[in-house]
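Turn these sequences into a full structure, and let the hints steer you where they fit.
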Amino acid sequence: MPTDVVSSTRVPSWNGALENQNQRQIAASLDEPFPSPTSRMGRLRDSSDSYAVRILLCEVANTVLDEGLRECLAEILPQSEIDQIYRFRFDADRRMALASRVLARHVIADEGGSDTDMLAIDIERSKKAGNRPIWKPSSPKDRFIHFNVSHDKDVVVLAASRQLVGIDVMRIATTKEDRPLRDFFDSLRGSFSALEWRYITQPAGERDQLERFMELWTMKEAYVKAIATGLYVEPLRLECVSECNGASTSSTSTPPQASFALGPMKVDGKPLASFCFRHLRQPDGYMICLAMGPHKAAHELYGSFIPNDVLTCPYDPPAALTDEQVWVEAVDLTDLINRYTIPGAF
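Position 126 of the sequence shown, counted from 1, bears residue number 126 in full-length UniProt numbering, the numbering being contiguous throughout.
This list has only true hints and no planted wrong ones.
Straight-line distance between alpha carbons at most 20 Å, and here's what the computed SDA-like set of lysine to any residue pairs gives:
#1 Lys141 with Asp122
#2 Lys153 with Asp93
#3 Lys270 with Ala320
#4 Lys153 with His279
#5 Lys141 with Ala120
#6 Lys266 with Ser191
#7 Lys266 with Leu195
#8 Lys153 with Ala173
#9 Lys270 with Arg237
#10 Lys266 with Gly190
#11 Lys153 with Tyr86
#12 Lys266 with His279
#13 Lys176 with Asp284
#14 Lys153 with Arg281
#15 Lys153 with Phe90
#16 Lys153 with Gln282
#17 Lys266 with Trp217
#18 Lys136 with Ile123
Just so you know, the hints here were simulated from the structure itself, not pulled from any lab data.
Here is the structure:
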C-alpha cells in the first residue's frame, strides 16, 4: 500500500459508518487489534517464513452502493471490473464482487513490491487454471503472491501466500432459514463417502452436525479452488476424514467406539500428502477453510504467469500450519476505498 493517498479533489458522497462499526465488531473477535489503514502491512513481504498466510475478512452488508462510490472506483479499479460488479442484479452480489476485487488489488499493492498503484496492477485470468485471476508482476524482482477469494452471505475472505492457496467460507446454516436439517442433508448426501457421513451424523445436536458438515464441505471446496481445475471435481472423489479405532478395554464383545480425524485428504482413495488445511471459525457463525499446496503445483498450473526467475520453495507445505503462520485481520471496505481515493482521509 502506498504511504500516501491517491490524489483527488473530490470527496465521495457515500457513508460507511455502519460498515465501520460492524467491521470493528468482527475485529474485536480476532486475536489481533483492528489494523490501521494508514500503515503498509507487508507481512508476507517482510516475513522469512515462506509458508506464512495472510487472511483478510470483510463484512459488506452495510456497504453503501451509490453514484459517489461508483465514481471513487474509477481511481482504483479498471472500468472492465467496475462494469462486471454492476452487472450483478442484486446489491448483495455487487457488494461481494466489489470487496473481492478491491481486496485482491489491495493485498498485491501491500505485499507485491513495486505494484503499489491499484490501477496499475495487472490481474489476468488463466484459462488453463479454470479462469482463475492471477497477478502478473510488472517487475521480475517482485516476490510473487498467490491469492484466492471466497464469499458467502455478506462475508468476503481472501487468502494470500507465497505458496499455492485456496480458501472457502460458508455461513453455518442451511440454504433457507426454515429448511429442516434432515432435508438439507438428504439433498447433499451423495457428495460424501460412507465414512464422512458417519463423521457428520455421529450422535450430537443439530448444530454440531451442521458444523461437521461445513468442515468437510469447505475443505473440499478449498482444495478444488487451490488447484483451480477448469473441470468440476466430484466432491465424492475427495475424502477428508480418517477413522481411528482405539483398543477396547472392555471384557465384553462390544466393538470399540470409533473416533475420527480430519485429514489427510484422499483423492480417488490416495492420500494427498502435499496439501495442508486449516479451519477457522471467524467471524462468528461462519466456517472458513484454507488449503495450502506446494509452489511447484502452481508452476505446473499457471507457470506462464509467474516470472521465470521468481524464487520457488522446493519443499511441500508442513502437515499443519501454526497460529504464528496464519495471520487473520478484519478489513473495513469503506476505510480501504477511502484510503486510496480521498486526499488526507487517513
